[in-house]
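Number of protein chains: 2
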Amino acid sequence: MERITAKYYIETPYAVEKAVQVLAGEQSSGTFVAVPGETEELKQRFAARVENIEPLESVTQPAIPGAVAQQGLYHRANIEVSWSVENFGYNLPVLVSTLQGNLYELTQFTGLKLMDIDLPPSYSDHFVGPRFGINGSRKSTNVTGRPLIGTIIKPSIGMTPEQTAALAKTLAEAGIDFIKDDELLSSAANSKFEDRVDAIMRVVNNHADKTGKKVMYAFNISDEVDSMLHRYEYILKAGGTCAMISVNSVGLSGTKKVCDQGELVIHGHRNGWGMLNRHPLLGIEFPAYQKLWRLAGVDQLHVNGIQNKFWESDDSVVRSIEACLKPMFDGETVLPVVSSGQWGGQAFETYRRTQTTDLLYMAGGGIMAHPDGPGGGVVALQQAWEGAVNGLSMQEAAGQYPEFAKSVEKFGGK
Amino acid sequence: MERITAKYYIETPYAVEKAVQVLAGEQSSGTFVAVPGETEELKQRFAARVENIEPLESVTQPAIPGAVAQQGLYHRANIEVSWSVENFGYNLPVLVSTLQGNLYELTQFTGLKLMDIDLPPSYSDHFVGPRFGINGSRKSTNVTGRPLIGTIIKPSIGMTPEQTAALAKTLAEAGIDFIKDDELLSSAANSKFEDRVDAIMRVVNNHADKTGKKVMYAFNISDEVDSMLHRYEYILKAGGTCAMISVNSVGLSGTKKVCDQGELVIHGHRNGWGMLNRHPLLGIEFPAYQKLWRLAGVDQLHVNGIQNKFWESDDSVVRSIEACLKPMFDGETVLPVVSSGQWGGQAFETYRRTQTTDLLYMAGGGIMAHPDGPGGGVVALQQAWEGAVNGLSMQEAAGQYPEFAKSVEKFGGK
Numbered sequence: 001m002e003r004i005t006a007k008y009y010i011e012t013p014y015a016v017e018k019a020v021q022v023l024a025g026e027q028s029s030g031t032f033v034a035v036p037g038e039t040e041e042l043k044q045r046f047a048a049r050v051e052n053i054e055p056l057e058s059v060t061q062p063a064i065p066g067a068v069a070q071q072g073l074y075h076r077a078n079i080e081v082s083w084s085v086e087n088f089g090y091n092l093p094v095l096v097s098t099l100q101g102n103l104y105e106l107t108q109f110t111g112l113k114l115m116d117i118d119l120p121p122s123y124s125d126h127f128v129g130p131r132f133g134i135n136g137s138r139k140s141t142n143v144t145g146r147p148l149i150g151t152i153i154k155p156s157i158g159m160t161p162e163q164t165a166a167l168a169k170t171l172a173e174a175g176i177d178f179i180k181d182d183e184l185l186s187s188a189a190n191s192k193f194e195d196r197v198d199a200i201m202r203v204v205n206n207h208a209d210k211t212g213k214k215v216m217y218a219f220n221i222s223d224e225v226d227s228m229l230h231r232y233e234y235i236l237k238a239g240g241t242c243a244m245i246s247v248n249s250v251g252l253s254g255t256k257k258v259c260d261q262g263e264l265v266i267h268g269h270r271n272g273w274g275m276l277n278r279h280p281l282l283g284i285e286f287p288a289y290q291k292l293w294r295l296a297g298v299d300q301l302h303v304n305g306i307q308n309k310f311w312e313s314d315d316s317v318v319r320s321i322e323a324c325l326k327p328m329f330d331g332e333t334v335l336p337v338v339s340s341g342q343w344g345g346q347a348f349e350t351y352r353r354t355q356t357t358d359l360l361y362m363a364g365g366g367i368m369a370h371p372d373g374p375g376g377g378v379v380a381l382q383q384a385w386e387g388a389v390n391g392l393s394m395q396e397a398a399g400q401y402p403e404f405a406k407s408v409e410k411f412g413g414k
Numbered sequence: 001m002e003r004i005t006a007k008y009y010i011e012t013p014y015a016v017e018k019a020v021q022v023l024a025g026e027q028s029s030g031t032f033v034a035v036p037g038e039t040e041e042l043k044q045r046f047a048a049r050v051e052n053i054e055p056l057e058s059v060t061q062p063a064i065p066g067a068v069a070q071q072g073l074y075h076r077a078n079i080e081v082s083w084s085v086e087n088f089g090y091n092l093p094v095l096v097s098t099l100q101g102n103l104y105e106l107t108q109f110t111g112l113k114l115m116d117i118d119l120p121p122s123y124s125d126h127f128v129g130p131r132f133g134i135n136g137s138r139k140s141t142n143v144t145g146r147p148l149i150g151t152i153i154k155p156s157i158g159m160t161p162e163q164t165a166a167l168a169k170t171l172a173e174a175g176i177d178f179i180k181d182d183e184l185l186s187s188a189a190n191s192k193f194e195d196r197v198d199a200i201m202r203v204v205n206n207h208a209d210k211t212g213k214k215v216m217y218a219f220n221i222s223d224e225v226d227s228m229l230h231r232y233e234y235i236l237k238a239g240g241t242c243a244m245i246s247v248n249s250v251g252l253s254g255t256k257k258v259c260d261q262g263e264l265v266i267h268g269h270r271n272g273w274g275m276l277n278r279h280p281l282l283g284i285e286f287p288a289y290q291k292l293w294r295l296a297g298v299d300q301l302h303v304n305g306i307q308n309k310f311w312e313s314d315d316s317v318v319r320s321i322e323a324c325l326k327p328m329f330d331g332e333t334v335l336p337v338v339s340s341g342q343w344g345g346q347a348f349e350t351y352r353r354t355q356t357t358d359l360l361y362m363a364g365g366g367i368m369a370h371p372d373g374p375g376g377g378v379v380a381l382q383q384a385w386e387g388a389v390n391g392l393s394m395q396e397a398a399g400q401y402p403e404f405a406k407s408v409e410k411f412g413g414k
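Going down the list, the sequences are from chains A and B.
So the first sequence is numbered by my numbering: it starts at 1 and just counts up by one.
So the second sequence is numbered by my numbering: it starts at 1 and just counts up by one.
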């Protein structure tokens, strides 16, 4: 019978083996009492199994509070635990409750982070995964050989649909591939969702009629299920190609329901991620996280960016990009969305470390504040990526591309 | 214009005032650039506002990594920030993205926890809240003047529908008010959801026909939206009164969609909560958390228990119970579900500290392992609560009630 294996990084005030057995028991049939007709075979069938324990260092201070070591030492380890798919079948919420449920409450642990999940082949029969992913996003925007270049409308909130549409027109004419709403904006008092779709799709459709290129605009549909489905239809009827969901805020079931409609690219925003990930010994790591959202069907997923303005390290960002690009089964992978303080200068290090152009590369000020205006900003980003792929350094690229040279001059001193 | 106010407990390597301004800016219109037609009035309309700062101690070690203090000190504070409801209207996911979104990523913070939320009166016009709550749960089970007494079927997973139903029959005959599936079980290979509903509702309905008392059984419907709605209907048609959702795993939008059906009591299980709450300076506190799920419409919500087997302190459990019982608007409050290592001995301290019987009081071994069998176990729990409400100590109650005396003898030494 197929099994699902989860990898955790743990810290415990007890002997590691004992603590891990408690975890396996708590999250399956561990507190098995005698039941009439029960056999040892049945018990084994549903019991979680400890597959591997790799002991690491011991420390004298617990990572998170809630338990005290009698001997004053807290032992760290990488562990692997597996469950039969018979326990939950193909039910994402119950899978999450099994892998990330009450175990965080156990006094057997002073640290517990879900690092990765191995899913069995039959999951690919039950979950379609991303309908569009990288190839679908490229096809829709007609971009090959380089990352999709995108931007976020700023200010985050406060602009009218007409102001937003005017900015979208400028950006479309500048050659942008992708534009998104901010996650703080869905339907605000001065920017009703439908009015914004109307105003922006007029611009996007006109531009497509003229040039043959349809800019992908990710409208933030995050809301209750019925409202999301209504907004989804509204975008579709207006000729739009993409909807955005704040996946943590909406949740797995609501997000999957939207993805299952299968007609729009789903842009997955991970705001709230810091709460789940920022502590090194609590929560979940991105390689595990992105698999859950791929199963739900998200096509594009945020991964932060190299030299970002947030707390996350470059190593972590690189790991996240690699996780997105690794096939889970046959079929589409999820397009990594690179953002936060990007202006083109990071293209070189991003390409050097990931060796891919399968990215949605988002810049804000790097486009809007370019000395030649947004048109120069978009061109400069395309040039940066062309240079990076051709093995140029940032300085060499600046010598070769005039628009990018102006970016380096303006943003490179940061 | 009405505003929503959020209270955070923060730690920052910068001056507190500056860090809090960055938070307010990042989560509203802070990076406002000049937009044609923009006025100062419009800007103010959507800007988050810092309402209060209460400085606390400074420490030399950051609570979570990701930022380093130049002066070696990390400053803690309680802060309040408010947003106009015009920013998001009555959209729970966007409210969550505003209050709990990218702010956890900011290097301006080495600790950030959402402590509470103040919601404006108009929210009561847009959100029905719990349809059943405390009064509906009491009415359905015909329990007055004491907590509902409940239990969880164990082992968590591995029993057949027939075995589960046989146990439910024993528990019903013992006088139990409430039984629930474990959160690890929804539809397993040897316990298909529909088969379990059939087998258990036969028992529950027979018992109701004989005695007039319908035991509330919380079937775990957690799954994709369509499956949850299908299972919901299945329970309803079988004469069931309750469905359980693992709220963190399903998410806000999926949970609200189910609650909006309005015909079954919704039992909200908070597994995964430790991940969101266990660190003192990361995540969310229960007073804020439970408001979100009440807005979604959850009727019963887990709060752990006094002297529980998990890491949580009694103080925290008491605060959680109080939060559930505090009216948010007119209408129903959410029924606190007390569980984890409870056997009746904790009734005295629970009542002393909360002065309420508006609880669903869950015990496992305390019922099943009672020397007189489950019947004695249920009676002993009722006695414990009667004693607690009458001001008896545990010892005095043991002197007065023979079944409870046996519980004290068996479980009191722990």
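It is worth saying that the hints were derived from the structure and are not from the lab.
One or more of the hints may lead you astray.
Note that identical chains are pooled: a pair holds if it fits in a single copy or bridges any two copies.
In silico DSSO-like cross-links for lysine-lysine, where the CA-CA straight-line distance does not exceed 30 Å [to be verified]: (1) K139 to K7; (2) K43 to K213; (3) K214 to K237; (4) K406 to K326; (5) K326 to K210; (6) K210 to K169; (7) K237 to K326; (8) K406 to K7; (9) K169 to K7; (10) K237 to K7; (11) K169 to K154; (12) K7 to K210; (13) K43 to K210; (14) K18 to K154; (15) K406 to K169; (16) K43 to K237; (17) K192 to K214; (18) K7 to K214; (19) K154 to K43; (20) K237 to K18; (21) K214 to K18; (22) K7 to K213; (23) K213 to K18; (24) K410 to K237; (25) K154 to K326; (26) K43 to K326.
_Those earlier numbered hints the structure runs against, lowest number first_ = 1, 2, 4, 5, 7, 8, 9, 10, 12, 13, 16, 18, 20, 21, 22, 23, 24, 25 and 26
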